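K.L.:
So the protein sequences, as listed, match chains A and B.
First residue of the first sequence? That's 2 in our numbering, and the numbers climb one at a time after it.
First residue of the second sequence? That's 401 in our numbering, and the numbers climb one at a time after it.
Do not take every clue at face value.
The calculated SDA-like cross-link candidates involving lysine to any residue, where the alpha carbons are at most 25 Å apart (straight line), are [claimed, not checked]:
(1) B/Lys472 / A/Cys130
(2) A/Lys200 / A/Leu210
(3) A/Lys104 / B/Phe446
(4) A/Lys104 / B/Leu490
(5) B/Lys569 / A/Gln378
(6) B/Lys569 / A/Gln13
(7) B/Lys427 / A/Glu393
(8) B/Lys525 / B/Leu423
(9) B/Lys582 / A/Thr102
(10) B/Lys592 / B/Asp461
(11) B/Lys447 / B/Asp461
(12) A/Lys388 / B/Lys468
(13) A/Lys390 / B/Lys480
(14) B/Lys560 / A/Gly380
(15) B/Lys427 / A/Glu375
(16) B/Lys560 / A/Ile387
(17) A/Lys27 / B/Lys468
(18) A/Lys388 / B/Val558
(19) A/Lys185 / A/Pro122
(20) B/Lys480 / B/Asp436
(21) A/Lys71 / A/Lys27
(22) B/Lys415 / A/Gln378
(23) A/Lys390 / B/Val558
(24) B/Lys525 / B/Gly542
(25) B/Lys582 / B/Leu490
(26) A/Lys104 / B/Glu579
(27) B/Lys414 / A/Asp395
(28) A/Lys372 / B/Pro573
(29) B/Lys472 / B/Asn458
(30) B/Lys447 / B/Gln585
(31) A/Lys131 / B/Leu490
(32) B/Lys582 / A/Met252
(33) A/Lys27 / B/Phe446
(34) A/Lys372 / B/Glu429
(35) B/Lys569 / B/Leu490
Derived DEER-like restraints, expressed as beta-carbon distance ranges [stated by the list, open to error]:
(36) A/Leu31 / B/Lys592: 38 to 48 Å
(37) A/Lys299 / B/Gly570: 30 to 40 Å
(38) A/Asp356 / B/Leu488: 42 to 52 Å
(39) B/Leu488 / A/Arg76: 57 to 67 Å
(40) B/Arg477 / A/Asn23: 27 to 37 Å
These aren't lab readings, by the way, just hints derived from the structure by calculation.
As the structure is a prediction and not an experimental result, all values here were calculated from the model.
Where a beta carbon is used, it is the ideal one built from N, C-alpha and C, also for glycine.
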Amino acid sequence: MSLSSLLRLSHQVENEYLAFLNELQKLEVLEYPTLACNDLISKLREQGLHNKDSIIKVREELLLVSPPIKEHLYRARIIFERQKLIEILTNFLDWIVGAQTQKVPWSFTPSIESLANKIIPDYPPILYCKNLYNYGIQWAQALPGNLDKYSFISLPRLHRSNILMHTLIGHELFHPCCESFTSKMENEVARRITLEVKKAFPDLDPDDLFGQKELGRMNAIVMCSWKRTLHELLCDMFCAELFGPAALLAMRSYVSFSDYKRMPDMNNNFYPPLQYRFEVICQNAMDKNALDTLWGEKSEIIQLFKSEIEELSKTFETNEGFEFVCTDNLNGIAYAEVNKLISEAHDYVISKLPDSIPRWIDEKALVQIPKLLERLQDGIPPNEIIKIKSIEEDDCDFTSEPAELPAILIAGWAYQIYREKNMETQDLLSYDTLSRLLLKACEDSEMLKCE
Amino acid sequence: MSILTRNVIWQELKKNRLVITPLVNGKDEIGSSSVDLHLGHEFIIFKRAKVTSVDVMNSTDLTRNVYKYQEKVRISRGQKFVLHPHQLVLGASIEYISLPNDVSGEICGRSTWGRTGLIIATATKVDTCFKGCVTLELVNEGEVPLSLYPGLCVAQIVLKRTEGLGSYKGRYPYPTGPEFPKLDQELESLPKFFKSV
Chain A
2 MSLSSLLRLS
12 HQVENEYLAF
22 LNELQKLEVL
32 EYPTLACNDL
42 ISKLREQGLH
52 NKDSIIKVRE
62 ELLLVSPPIK
72 EHLYRARIIF
82 ERQKLIEILT
92 NFLDWIVGAQ
102 TQKVPWSFTP
112 SIESLANKII
122 PDYPPILYCK
132 NLYNYGIQWA
142 QALPGNLDKY
152 SFISLPRLHR
162 SNILMHTLIG
172 HELFHPCCES
182 FTSKMENEVA
192 RRITLEVKKA
202 FPDLDPDDLF
212 GQKELGRMNA
222 IVMCSWKRTL
232 HELLCDMFCA
242 ELFGPAALLA
252 MRSYVSFSDY
262 KRMPDMNNNF
272 YPPLQYRFEV
282 ICQNAMDKNA
292 LDTLWGEKSE
302 IIQLFKSEIE
312 ELSKTFETNE
322 GFEFVCTDNL
332 NGIAYAEVNK
342 LISEAHDYVI
352 SKLPDSIPRW
362 IDEKALVQIP
372 KLLERLQDGI
382 PPNEIIKIKS
392 IEEDDCDFTS
402 EPAELPAILI
412 AGWAYQIYRE
422 KNMETQDLLS
432 YDTLSRLLLK
442 ACEDSEMLKC
452 E
Chain B
401 MSILTRNVIW
411 QELKKNRLVI
421 TPLVNGKDEI
431 GSSSVDLHLG
441 HEFIIFKRAK
451 VTSVDVMNST
461 DLTRNVYKYQ
471 EKVRISRGQK
481 FVLHPHQLVL
491 GASIEYISLP
501 NDVSGEICGR
511 STWGRTGLII
521 ATATKVDTCF
531 KGCVTLELVN
541 EGEVPLSLYP
551 GLCVAQIVLK
561 RTEGLGSYKG
571 RYPYPTGPEF
581 PKLDQELESL
591 PKFFKSV
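Just chain B, same shape as in the assembly (with noise of 0.2 Å):
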């Protein structure tokens, strides 16, 4: 595996094998071995209040109940949304991803946020053939609140080229915003001798 860096990453740009739009920072979005991303105006929350536990054994009932669990927001720009300590929120890239079958992605935080506390992401691999926007785990791991905007640059994804070729086989095609946990799919996944109990 190899990392791309921003010569390459134009390259494939160019032969329209990547895309990344939009390039909202124009050229500076592409850094010498990575892609910023800028967060967007979605978030899902959490509804503390309504949810007992998340049980992927009752996982049909977090499905069918979603909206009872949690909420889509979206802040308009130049507007605030203020993640609190400890808090979790799904956000998600305002760019929209297409990765080539020999290309895969790691989502990273910047330092300077990560300094605050910042978290952007517990699941940072992207598969090759992804496409979509980028899902955020944003949690903040700091002592204070802090205030989130639409179009802070809080994220970067590194680009490696992979060893033979892949395609994507999963469970969130075509995001365009955070999208709700898939727990139900999640159940099916799990090995026959662990559901027979």
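One chain only, chain A, in its complex shape (with noise of 0.2 Å):
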């Protein structure tokens, strides 16, 4: 390569660099519902500026620099100046434009706020809608230098308001805590599926070159099975732990498309059966207890929704997911491994909950619902509990209690389900309508929360 080829190289970069720093002017004028937004353009600005200037600095050397030049090393510091920006920084690009007040459920953005605030603190939340059905979350892996300080929450563009699917964010704000759970039984898991394999597959000989290869394969196929597993099952019991019976809903509704017997494997990333899923939350994450006490309301709205629910619980009382994932050999190794580890996950879950994370299992938020619910019927949002004590010739006294999520969201799901039974025969609030009060009531309760 001519030093002409390697100029024009670097001058492409600069450009591309110069395209990335305008792209970033036009964005920070736009309305964003957190300041996590504003706070990461500069930082992205900073991260650009600098890499243009190493750009820079490499065409200044090469101008320099006698003959014979050293190409291959120029090029590869032009090509890895190049990658910075192609494979790292554009992708937040599509983020900060997908986060975008217009484009995010903004009303729902300060309770998601404060509840990632508590869970994964080193991690500011930046919600984003994307053309996906599909929700996700991506933190500090991979990103590079000063950009990991964040976590980029991913939503269904098409369900931006969707509140009541939106619970499913609870799921995604886990993701960052599983690893330190298996990371600790790694080694002894990885210990225990070598022999199961070799047992499995008695054929294989570890002393043959193939036989060891095979079996190495089919070790890390098991290991990658445990491990997506346990995390999905982590991420499950945390949001059911958090919402309870709207978890379940919210992840009912979300799969409604899907088959809830899909063996996993390297396609589909390893992700657990959703008939498995649904099992393991319902035996183990959701609260005997907490359920009888939302059931002592006797009004008709929570008697649907027990029978809902119950009715829903029963479907998963079996084993059978499990049964169907062990029809498969390797599958059936990991999965074994993993429900010996549900009960120690669910602690593990139950330690990453602190006091000061509302609950729907907190005697508030249980006391909260079938209240919130008589405000949904009304057709006003559910924020806030008002008691009016007495009232003097002048003067009133009151309390006002801002509703707690779990509370709002469970009596949403209430309504939800009371109007799926019943919206053919009555004059009930459309699902626009309440996700929209649902949305308002979110905002105004963590307004109250801060005064």
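Got two chains here, each in a separate frame; can you build the complex from them with the hints?
P.N.:
Right under this line is the structure:
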């Protein structure tokens, strides 16, 4: 490669960085529901300017160096600077575009920020919508330098204001906490898995090169399946511990079009079968006492909600999901190890739930749910519980208790179940109105908590 | 028709017949014969460069292209929204109101803001049984731009007991922020005689 070609490459990369900085300038003036976005944009600008300067430095060196030029070294340096832009920095542009106020459920952002600050305080969340029917989270991993201080939570764009389904954000928020659970026991589990794989394939000789390679490959598959499954289950249980029946119903709604029995494999990134996930949630993470307290309320709407949840739980009383996955040799080995750790995983989830995080099993939330439901039935946002104690001539003694997020979501789901069963015969809130009232409630309750 | 005083408003709130939520300023929000309303975060602005005219006869186009002519913006806490002289924007109260079937409301400006030229509502009547955040049609009639912030107390609602009971048959049920005008429905309500030209 000649000097002129190298110079041309460096100019192209510099121009790409200039275009990147220009895009950031455009994004900077837009509205975001969280300051984290503006903070991120300034950090990206710093990074972009720094990288652009590096490219200019390479070019200056090139012009000064006396021949013969070590072309391959300079080329590698230019490509390295370009890769940082193309493979890493430009991803942020899409995330920021999707994080604009108009594109996200902005009323819900303060509630999620408040929750995330307690669960993953090192990674302030940035919510963004994307054109995929998927919830996801990206954090620290693979983010360079000072850009690793955020978590990016993606929501499906067409469900932007579908707050009931956004209950699943509770699942996503726990992903950054999973690794510390599995890494503790990874070695011990790997040892057991190696033995089990060897036992399952007696024809493969570990001393033979082919056998050794095959066994190694299968061990890796089982470990992947084990880890992915545990991570998903930890997040499922966390979401259920936060939001109880709302988590269960949100998950059911989200997977309405999915196959409950899909074998985990490399193509689906070892995603555990839904049947099994529901079984684990229903059998381990739904607090029976809290449910009994909730069902103590005798209103028609709560009783209908009760029968829905009981019917759903009944479907997952079996071990059908586990039995299904065990029909596959390798997954069977992985899931046997997973099953041994369910109780420990549940304890780990609980240990990560400080008292400052409102949960659905809290007495406060359980008391609030029926009252918030009454408000929804009256077409009023379930944002607070007001108690007027006494009214004097010119004064009033009253208290306002902001609604807790789990209580808002459960009340919303209870209303939605009632809606589904009665919308043909009664004049009920539309789903859109219900979502708007719930979003307003979340925003108001966070505001009231700040006061 | 009689105006509800503070004591009566509290009584109605206690009975849950009347709902005003949240009471952002605590009990001070209820005045001697009115309730304070605070400016919310959302505004609808008209994209003047794109609007040829607001023509009810061509309202289908206006409704279909609502995002072409108007834009919803949200201002975060502590940030300002600058309302320029003679500019009209739609805002809404933070307070969500639910009126019983024998109480209607009237939105009034506050004299302090009135002195700066700020008009907060032109359609000031709130029907019985209305539920929602009150839309404010904000116009700066003054000569200098006004900086508005979410949470500012810019309006108040005077509640009046009606003679007889009413119901709500409006076009804007359960608004939680400002809503785009539904001009196509305006055409529907045009008397037959005037439609068939």
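K.L.:
Run every hint past the structure and note whether it holds.
P.N.:
To see whether the hints hold, each was checked on the structure:
The straight-line distance between the Cα atoms of lysine 472 of chain B and cysteine 130 of chain A is roughly 18 Å, inside the 25 Å bound, and the hint therefore holds. As the CA atoms of lysine 200 of chain A and leucine 210 of chain A are separated by approximately 18 Å, the hinted pair is consistent with the 25 Å bound. A hinted pair counts as satisfied when its Cα atoms are at most 25 Å apart, and lysine 104 of chain A with phenylalanine 446 of chain B qualifies at roughly 19 Å. At most 25 Å may separate the alpha-carbon atoms for a hinted pair to count; lysine 104 of chain A and leucine 490 of chain B meet this at roughly 20 Å.
Annotation: proposed proximity of lysine 569 of chain B to glutamine 378 of chain A holds, straight-line Cα distance about 18 Å (limit 25 Å). At roughly 63 Å between alpha-carbon atoms, lysine 569 of chain B and glutamine 13 of chain A are farther apart than 25 Å, so this suggested pair is violated. For a cut-off of 25 Å, the pair hint linking lysine 427 of chain B to glutamate 393 of chain A stands: about 12 Å separates their Cα positions. Taken as a hint, the lysine 525 of chain B and leucine 423 of chain B pair is honoured in the structure, with Cα atoms around 21 Å apart against an allowance of 25 Å.
Taken as a hint, the lysine 582 of chain B and threonine 102 of chain A pair is honoured in the structure, with Cα atoms around 24 Å apart against an allowance of 25 Å. Our distance criterion of 25 Å between C-alpha atoms is met by lysine 592 of chain B and aspartate 461 of chain B, whose separation comes to about 21 Å. The suggested pairing of lysine 447 of chain B with aspartate 461 of chain B holds, with an alpha-carbon distance near 15 Å, which does not exceed 25 Å. Under the criterion of a C-alpha separation no larger than 25 Å, the hint pairing lysine 388 of chain A with lysine 468 of chain B is inconsistent with the structure, at around 45 Å.
Taking the CA atoms of lysine 390 of chain A and lysine 480 of chain B, the gap is near 37 Å; set against the 25 Å cutoff, the hint is violated. With a CA separation close to 21 Å, the supplied pair lysine 560 of chain B and glycine 380 of chain A stays within the 25 Å bound. Proximity of lysine 427 of chain B to glutamate 375 of chain A is assessed by CA-CA distance (about 23 Å); at most 25 Å being required, the pair is judged to hold. This hinted pair checks out: lysine 560 of chain B and isoleucine 387 of chain A have alpha carbons roughly 23 Å apart, not beyond 25 Å.
Of the pairs offered as hints, the one joining lysine 27 of chain A and lysine 468 of chain B holds, with about 20 Å between alpha carbons and a cut-off of 25 Å not exceeded. In summary, the hint linking lysine 388 of chain A to valine 558 of chain B is supported, as the alpha carbons are separated by about 23 Å, within the 25 Å threshold. At most 25 Å may separate the alpha-carbon atoms for a hinted pair to count; lysine 185 of chain A and proline 122 of chain A meet this at roughly 22 Å. In summary, the hint linking lysine 480 of chain B to aspartate 436 of chain B is supported, as the alpha carbons are separated by about 20 Å, within the 25 Å threshold.
Pair hint lysine 71 of chain A plus lysine 27 of chain A does not hold up; C-alpha atoms about 39 Å apart against a cutoff of 25 Å. Simply put, lysine 415 of chain B and glutamine 378 of chain A have alpha-carbon atoms about 16 Å apart, close enough for the 25 Å limit, and the pair holds. For the given pair, lysine 390 of chain A sits about 24 Å from valine 558 of chain B by alpha-carbon distance, which is consistent with the 25 Å threshold. Simply put, lysine 525 of chain B and glycine 542 of chain B have alpha-carbon atoms about 24 Å apart, close enough for the 25 Å limit, and the pair holds.
A C-alpha spacing of about 13 Å is found between lysine 582 of chain B and leucine 490 of chain B, which places the hinted pair at or below 25 Å, so the restraint holds. Between lysine 104 of chain A and glutamate 579 of chain B, the direct Cα distance comes to roughly 17 Å. Compliance with the 25 Å bound is thereby established for this hinted pair. Taken as a hint, the lysine 414 of chain B and aspartate 395 of chain A pair is honoured in the structure, with Cα atoms around 15 Å apart against an allowance of 25 Å. The hinted pair formed by lysine 372 of chain A and proline 573 of chain B meets the criterion: a straight-line CA distance of about 22 Å does not exceed 25 Å.
Taken as a hint, the lysine 472 of chain B and asparagine 458 of chain B pair is honoured in the structure, with Cα atoms around 22 Å apart against an allowance of 25 Å. Between lysine 447 of chain B and glutamine 585 of chain B the CA atoms are separated by roughly 22 Å; this keeps the pair inside 25 Å, and the hint holds. For the hint linking lysine 131 of chain A to leucine 490 of chain B, the alpha-carbon distance of about 29 Å lies beyond 25 Å, and the restraint is violated. As the CA atoms of lysine 582 of chain B and methionine 252 of chain A are separated by approximately 36 Å, the hinted pair breaks the 25 Å bound.
Pair hint lysine 27 of chain A plus phenylalanine 446 of chain B holds up; C-alpha atoms about 22 Å apart against a cutoff of 25 Å. Restraint check for lysine 372 of chain A and glutamate 429 of chain B: satisfied, since their Cα atoms lie roughly 23 Å apart, inside the 25 Å limit. Restraint check for lysine 569 of chain B and leucine 490 of chain B: satisfied, since their Cα atoms lie roughly 21 Å apart, inside the 25 Å limit. Leucine 31 of chain A and lysine 592 of chain B have their C-beta atoms about 47 Å apart, which keeps the hinted 38 to 48 Å range intact.
Hint check: lysine 299 of chain A to glycine 570 of chain B, Cβ distance near 35 Å, so the stated range 30 to 40 Å holds. Restraint check, aspartate 356 of chain A to leucine 488 of chain B: a C-beta distance of roughly 49 Å satisfies the suggested window 42 to 52 Å. Evaluation of the 57 to 67 Å hint for leucine 488 of chain B and arginine 76 of chain A yields a pass: the beta carbon distance comes to about 59 Å. A hinted range of 27 to 37 Å for the beta carbons of arginine 477 of chain B and asparagine 23 of chain A is consistent with their spacing of about 30 Å.
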